[in-house]
Each structure stands twice: as C-alpha cells, then as structure tokens.
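Asks: Under numbering that gives the first Met the number 0, think of the first position of the sequence shown as 0, with each following residue one higher.
Among the hints, a few may not be true.
Result set (DSSO-like, lysine-lysine): computed pairs, CA atoms no more than 27 angstroms apart in a straight line [to be verified]:
#1 Lys119 x Lys68
#2 Lys72 x Lys34
#3 Lys147 x Lys44
#4 Lys114 x Lys41
#5 Lys34 x Lys147
#6 Lys107 x Lys68
#7 Lys114 x Lys44
#8 Lys131 x Lys107
#9 Lys150 x Lys58
#10 Lys131 x Lys41
#11 Lys44 x Lys150
#12 Lys44 x Lys56
Restraint ranges, calculated between C-beta atoms of paired labels, are given here [as the list claims (entries may be wrong)]:
#13 Lys41 x Cys74: 17 to 27 angstroms
#14 Ile85 x Cys148: 34 to 44 angstroms
#15 Asn115 x Phe84: 22 to 32 angstroms
#16 Gly104 x Asp77: 29 to 39 angstroms
#17 Pro100 x Gly125: 13 to 23 angstroms
#18 Pro49 x Ile85: 26 to 36 angstroms
In short, the hints are calculated from the structure, not lab data. None of the values given here were measured: they were computed from a predicted structure. From the three backbone atoms N, C-alpha and C, an ideal C-beta is built for every residue, glycine too.
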Amino acid sequence: MFKISLISYLLLLFTFLYVETKLSGELREIYRFHKKVRKDVKNCKIPGQPPAVKLAKMKWNKLLADKAKQQVKRCQYDSNDPNDFIIGDFESIGQNLGDYPTTEGAMKDWLEEHKNYDFKTNTCNGDCKNYKQMVWNTTEAIGCGYEKCGKNYLIVCNYAPG
C-alpha cells in the first residue's frame, strides 16, 4: 500500500513540475502567482478575507490557455463572443481580461481588488470580479495568454468552472 501511495505521489509531483517547466517565463509566473494567492487565501494571509475552508487545487489547462491565446492574438479587448466561453467539456468559463504595461502589474491589480470584496455578503464595493475569479473555491483549471497590443499587454485568463 505504501509503495502505491509513494508512486502515486511521485507521479503527481512529476506532472506538476512538468507542466510548470513547459510554460514560458511569463505564463509560468502568472500560474505561480495564482497558486500563491490561493494558498494565501487558504492560510488566511489576505487582509480582510477569511481562510478558505474548501479550495479546489488549480491546474494549468492547455485548452483554456489556447483559447486565451487566440483571443489576445486578435487584440480582442472584450469577451462578447459566446465561442470564447465554449472550451472543451467545461460547462462554464470565467474570464479575467485586462490591458496592462506588464503581466505582473495585472496580477497585482487583480489581487488588490480583495479590498473591495465583502466575503460575508459576496458583494463588491468597487471592482472585485477579477479577485473573486482568482480565488473562487470551485475553480480547478486555469489557462492564460498575453500579447503586446499597442503600448500595453492584453492579458486574458480563463478559469473553469467559472
């Protein structure tokens, strides 16, 4: 029994390491940032936010990333196309989209929205939808893309379920 558990653990660890090493530098950092934010929520390290009781493990998803890349390649700043939300077998897709000088700036801005979010009432006093999407408890898949569009980068992250 112990051998099976150890083998399963090692395979899972290898899979996570493989996914992270396959991602380009910026995408790897976006993925790591999301995982860190979710870990911080779980450990009650986000000011004003309670610790997450149940928080799904978030994994990188190539289908979600490919769809995000298609959208940013067109420098498409809106997501009104219903086809942008039909991805694989996912029933619902959430999306964060932004125009920023850096991908790091986007992630920090999305995290800062926690200040506008009231967990008890699930309401926002200002913009907080990007933060909510990053830490939504049932979200288990993420895929992002970014592209230089004009002076800034268009950054799109798709989440499932959304």
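Asks: Which of the numbered hints above does this structure break?
Replies: 1, 3, 9, 11, 13, 14, 16
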